[in-house]
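S.K.: As a plain string of letters, each chain reads:
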Amino acid sequence: MLDTYGTYNGVAFITAPKINTDVLWALSIFFIVLAVIYFLSVFFFRNRISGTARLTRQSKKELSPMISEFLFYEEDANKDEKSNYISLKIEIRELLKNDFNRKILVEVLLDLRKDVSGDTQTRLFALYQDLGLEKDAFEKLKSWHWEVVSKGILELTQMQVVSAYSFITKFINHKTGTIRKQAEIATVTLKPEGINYFLDTTRYKISEWQQLKLLDVIRNQDGFEPPRFRMWLTSKNKHVVLFSLRLIKYYNQNDANASLIELLKHKDNQIKQEAISCIKEFYVAEAIPTLKSIFKKSNTYSKIAVLGAIAEIGSHDDLGFLNEIEKGESDFLVSSKALLAINTIDPESVMPSEGIEVSKEYVAEIKEGQIKLDTTENIEIELPQVSAAAKEIEEKTGVPAIVKDFKEEDTVEESISVDSAPEELPNDVHFNTSIEQSEEEATEQIIVNTEVPEITENKTVEEKEDCEPEQIEALQVTEIIVVDPVVVSGISTKIRSPEAEIFSEPSLRFDFLPLVTNDNTHTTNHTIPKYKPMADSENTSRDIKKIEVEFDEINSIIQSDATIDKPDFDVSKIDFLPIVVEEQKVENELPESSTLDENEDLQGLINEINELNFLPIVMDNEVVDEQHVVDTTPEEVETKNTNSIDGYTLSDFEVQFEDTKNSIPEVKEEKEEISEEPSNTNQVGPVVNDSQDVISWLMAENELRENELENDKVEPIKPIKPFADLIPEPIYYNEHEAYMMGLLDDLEEMGDHREIPLLQELLAEENQSFIKDRISSLIEQFSYTQKTIKQTSSKTPVERELEMPTFNVFADLFKNVDTESKLLLLDEIVSVGDEKEITFLDGLLGDSNLEIRAKAQEVLKLLVEKVSRKTEFEKDLIPRPVGELPIDLSILEPFIETKSKKEYFKTKKTAFVPRASDTLDFDFVLEDTEVLDKKYDKKVLDIQVEANEISSNDNSFLTNIIDFPKKLIGKFNG
Amino acid sequence: MTKKRLLLAEDDELLASLLNFRLKKGGYDVSHRANGKEVKEYLAGTMPDIIVSDIMMPYFSGMELIAYVRKELNSQIPIIIISSAGNEENVLNAFELGANDFISKPVSPSELLVRVARELNKN
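Protein chains in written order, with full-length UniProt numbering: chain A, 1 to 974; chain B, 1 to 123.
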């Protein structure tokens with residue numbers, strides 16, 4: 001059965017599922033829709049993003065000129081600029097009402113902050129706060145989102161909002177790291193004392209990167225004075241301690257040595273290492289025992305730091321400790337550092353031992369009692385170099401340097417006696433080892449008195465120990481010896497071998513040093529100075545100090561008094577000094593000098609002077625004896641002048657008499673002027689001086705100066721009045737006079753033209769002339785004021801307005817308020833304003849803010865209506881016949897019942913119309929139509945006025961009566 | 001008195017706007033170009049009295065601009081370079097090519113004004 005069933009029915013083992021095409025279609029449609037939605041959303045968002053970007057760009061473009069205007073606005077700008085600035089400010093405030101605009105503006109300012117510096121940047125910060133943008137940042141601080149808070153802090157920090165300091169400091173211990181770090185930076189940036197607060201309060205870790213950033217902030221802070229960071233070495237926050245240590249090191253605050261030593265014992269290796277670093281930096285030698293004590297407990301890096309510090313600040317006393325470490329320490333890094341420390345403290349105490357080839361050929365033998373000299377590469381100078389050095393010495397000293405080759409001469413023993421340790425030999429002593437040289441030659445060359453245990457070049461320590469004197473095969477010594485004393489600049493001296501050696505090193509020049517001689521040292525018994533044979537370049541200065549110098553007195557400097565009295569002084573070399581005239585000697589010397597007329601030199605000098613006609617005339621001493629000048633001919637004067645300069649050359653008189661013929665009249669004039677002073681008249685100008693005596697010459701100079709001072713006083717003195725005469729005599733008033741003067745004072749101070757009648761009365765009554773004068777002057781003064789008023793009042797209202805300073809209280813208020821306030825103010829204008837506000841409102845019609853513009857237009861309409869009505873009202877105040885009144889009096893029955901029309905108008909007239917007797921003495925023209933006479937803009941005048949919009953405060957009964965017909969007419973007109 | 005013509009080549013619109021404003025206020029006739037191509041076009045038609053240029057600009061860097069002015073246009077008008085890349089190499093390159101002055105960003109507009117005036121006075 002089953003087979004049949006199976007055969008004919010064909011049971012399929014694999015059956016294709018039945019496909020529901022409806023579902024397929026549905027799915028297809030669904031996915032297509034999804035795809036469409038996806039693409040649409042992509043398209044939408046893309047467009048939105050690009051649209052926003054475009055809008056942002058556009059906004060930035062619009063805002064940037066505004067910002068520029070604000071940034072470069074100056075207080076002394078002209079009127080246009082000021083008005084433009086105000087309008088921009090209003091505009092920008094309007095823009096800032098939009099959040100998007102605010103965001104853009106903040107972005108712009110933050111961008112610009114990066115690009116500008118100096119004053120512009122400061123202004124930028126001020127503008128940011130001025131526009132109130134920091135409020136947004138403050139709002140961000142309240143956000144629940146950490147990124148928003150962080151952004152807010154960053155913004156406040158970048159824009160230097162110092163007032164945000166107290167808000168930001170709260171975030172120093174925030175649980176979110178980003179906010180915390182931002183707050184730390186802000187705290188340190190905003191105030192110089194921020195670092196103190198931060199170190200005091202922070203409880204969290206300060207990462208290395210954060211430390212660097214903080215350091216960068218305080219480093220670049222203007223006027224930052226670092227506090228004493230040792231105060232935070234006691235902090236419980238180890239990161240604060242660590243940071244403080246770094247700051248201590250950075251600012252070189254070496255006032256915390258005790259704390260530093262204590263911190264060596266810190267559990268934290270980083271702090272320990274930082275403390276060691278500080279100790280090393282500040283050379284805190286007293287920390288060495290502590291360093292040694294903490295060594296064993298420290299980790300490898302701390303040990304290395306300790307050894308480094310000991311190497312730097314340690315002494316020979318610490319070598320034992322270091323040797324112990326070097327031998328006992330299993331850690332290679334530590335032991336090698338110890339070795340390095342040993343070699344730093346005591347150079348060459350440990351010699352290279354690794355990889356040194358042991359060979360008999362390298363062993364040099366030194367006999368007992370002979371020096372063993374180090375010959376290393378850095379001290380070895382070949383003979384040609386030595387020769388060159390010798391030549392240099394010869395050139396410098398002029399004395400032939402003797403280059404002795406020990407190989408050639410056997411007289412070394414006579415000239416050299418080595419009585420010092422070999423390590424102290426100067427490294428420039430030239431020893432060339434030659435293995436080929438015979439042992440005998442070597443022993444003959446140098447005999448050393450001291451016992452030196454080591455060493456030859458390229459010998460290992462082991463070899464040194466085994467080294468026998470006879471193993472030194474050759475030792476060639478070359479030395480430069482300058483035996484003969486050298487005389488330089490008249491001072492005898494002698495250059496000895498060490499100096500000669502120094503000369504061989506071109507970088508060292510000691511020719512600036514004083515040359516020292518010793519009379520007793522003219523021997524050839526030279527001493528090789530103590531010197532370190534392997535001194536490195538750093539020790540150069542130290543080695544130089546060890547050069548033995550024998551001090552001797554320099555005889556040539558000390559000379560007898562006689563020599564001082566008569567210095568070999570060439571006056572021609574002091575020609576820069578002014579010419580001195582010795583007054584007293586002039587007259588005496590003139591006759592004497594006349595005997596020198598025949599002197600040929602002087603004649604030549606005279607000729608020379610005559611040739612210098614082009615030079616200006618300079619008279620050091622202008623006081624010339626009148627008698628002499630008048631009596632003598634120009635030739636004589638010339639001769640006398642030249643005679644008086646005996647002993648001087650022409651160069652002594654840098655600018656002297658060039659043409660005495662021309663100069664004489666001037667001298668005469670001057671003489672006449674000062675002839676009133678007899679004490680100075682006997683002075684004559686020629687130069688008299690002792691060319692041999694500088695001191696007396698200078699004294700004469702001083703005398704000349706005194707003379708000049710006296711001459712200054714020679715001006716004719718005007719008779720001076722006694723000082724007492726200058727004080728005015730007191731004026732005593734009687735009671736009446738005092739009262740009157742007081743009254744007039746008050747009137748002058750507080751009165752005006754209205755006081756004229758009173759003053760005229762007083763003038764008529766007054767008898768005292770001075771009071772009358774005072775009253776008259778006051779009347780005159782007030783009359784002038786009156787005239788001015790008259791002139792002013794005679795002008796048209798337009799002229800007056802143009803002349804008067806334009807001040808509007810609303811305009812003033814508008815400067816500093818926002819739009820809402822402005823709208824409120826505009827409302828107020830209708831109530832309290834008058835025609836003065838029309839101009840202001842007119843200006844507001846061009847305001848950039850649409851709202852203000854609309855409101856201004858509305859208010860202007862109302863105000864114009866109000867003012868027009870008021871004008872009409874004022875016109876109505878003029879008494880007119882009852883029939884002309886635009887009112888129907890029948891409606892005023894109750895009022896008329898109580899008072900007759902006549903009585904009413906009489907009352908009205910009394911109340912409003914000034915009587916003839918009340919008129920003032922001056923013309924005071926009241927312009928009722930002032931408003932209408934003004935020249936307003938067409939647009940102002942074209943404004944449609946609607947009577948029903950008036951909201952006036954004039955709610956008096958009379959106003960209502962007057963307004964009533966209008967209202968009626970208005971109603972009739974619909 | 002005619003105003004001195006100044007070409008400001010700066011791609012940063014904000015900074016350019018700021019400098020433009022300040023220089024105009026300082027009494028110069030400022031032409032601003034935002035990229036090298038525009039600068040080249042401008043120079044083909046007009047030769048300013050002084051050029052203030054950024055180094056990094058699209059199409060044509062400040063360095064190329066100096067070379068172009070000095071070699072191709074064979075002009076010796078003063079060129080002041082403004083750049084945030086004020087490293088030694090850039091500064092030296094700029095001077096070698098013939099720049100008259102180099103100002104690192106952030107720039108002080110007042111300082112720029114003084115430098116421009118100084119360069120113009122030199123010439």
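Source of the hints: derived by calculation from the structure; they are not laboratory data.
Just so we're clear, the structure is a prediction, and the values are computed from it rather than from any experiment.
A few of these clues could be false.
What the hints assert, rightly or not - Taking lysine-lysine pairs in the DSS-like style, the calculated list, with each CA pair at most 30 Å apart, reads:
1. B:Lys25 <-> A:Lys103
2. B:Lys25 <-> A:Lys79
3. B:Lys40 <-> A:Lys103
4. B:Lys25 <-> A:Lys114
5. B:Lys37 <-> A:Lys79
6. A:Lys151 <-> B:Lys24
7. B:Lys105 <-> A:Lys89
8. A:Lys79 <-> B:Lys105
9. B:Lys105 <-> A:Lys61
10. A:Lys114 <-> B:Lys24
11. A:Lys175 <-> A:Lys191
12. A:Lys238 <-> A:Lys249
13. B:Lys105 <-> A:Lys114
14. B:Lys40 <-> A:Lys61
15. B:Lys25 <-> A:Lys89
16. A:Lys60 <-> B:Lys40
17. A:Lys61 <-> B:Lys71
18. B:Lys37 <-> A:Lys61
19. B:Lys3 <-> A:Lys82
S.K.: Check whether the Cα positions of lysine 25 of chain B and lysine 114 of chain A lie no farther apart than 30 Å.
M.R.: Given pair lysine 25 of chain B, lysine 114 of chain A holds - Cα atoms ~22 Å apart, limit 30 Å.
S.K.: Given the proposed pairing of lysine 79 of chain A with lysine 105 of chain B, does the C-alpha separation stay at or below 30 Å?
M.R.: violated (34 Å)
S.K.: Are the Cα atoms of lysine 61 of chain A and lysine 71 of chain B separated by 30 Å or less?
M.R.: Cα-Cα ~35 Å, so violated.
S.K.: Would you mind confirming whether the straight-line C-alpha gap from lysine 151 of chain A to lysine 24 of chain B stays at or under 30 Å?
M.R.: With Cα atoms ~35 Å apart, lysine 151 of chain A and lysine 24 of chain B exceed 30 Å; violated.
S.K.: When you check the alpha-carbon spacing of lysine 3 of chain B and lysine 82 of chain A, does it fall within 30 Å?
M.R.: holds (24 Å)
S.K.: Going straight from one Cα to the other, do lysine 25 of chain B and lysine 79 of chain A come out at no more than 30 Å?
M.R.: holds (15 Å)
S.K.: Could you grab the alpha-carbon distance between lysine 238 of chain A and lysine 249 of chain A and see if it respects the 30 Å cut-off?
M.R.: Holds, at about 17 Å.
S.K.: CA of lysine 37 of chain B to CA of lysine 79 of chain A, is that 30 Å or under?
M.R.: violated (40 Å)
S.K.: Could you grab the alpha-carbon distance between lysine 60 of chain A and lysine 40 of chain B and see if it respects the 30 Å cut-off?
M.R.: Holds, because 26 Å separates the two Cα atoms, which is no more than 30 Å.
S.K.: Does the alpha-carbon distance linking lysine 175 of chain A and lysine 191 of chain A stay inside the 30 Å limit?
M.R.: Judged against 30 Å, a Cα distance of about 23 Å means the pair holds.
S.K.: Holds or violated: lysine 114 of chain A and lysine 24 of chain B, Cα atoms, limit 30 Å.
M.R.: Holds. Lysine 114 of chain A to lysine 24 of chain B sits at ~22 Å (cutoff 30 Å).
S.K.: Is lysine 40 of chain B close enough to lysine 61 of chain A, meaning Cα to Cα at most 30 Å?
M.R.: Distance of about 24 Å is within 30 Å: holds.
Checked against the numbered hints above, the structure breaks hints 3, 5, 6, 8, 17 and satisfies the rest.
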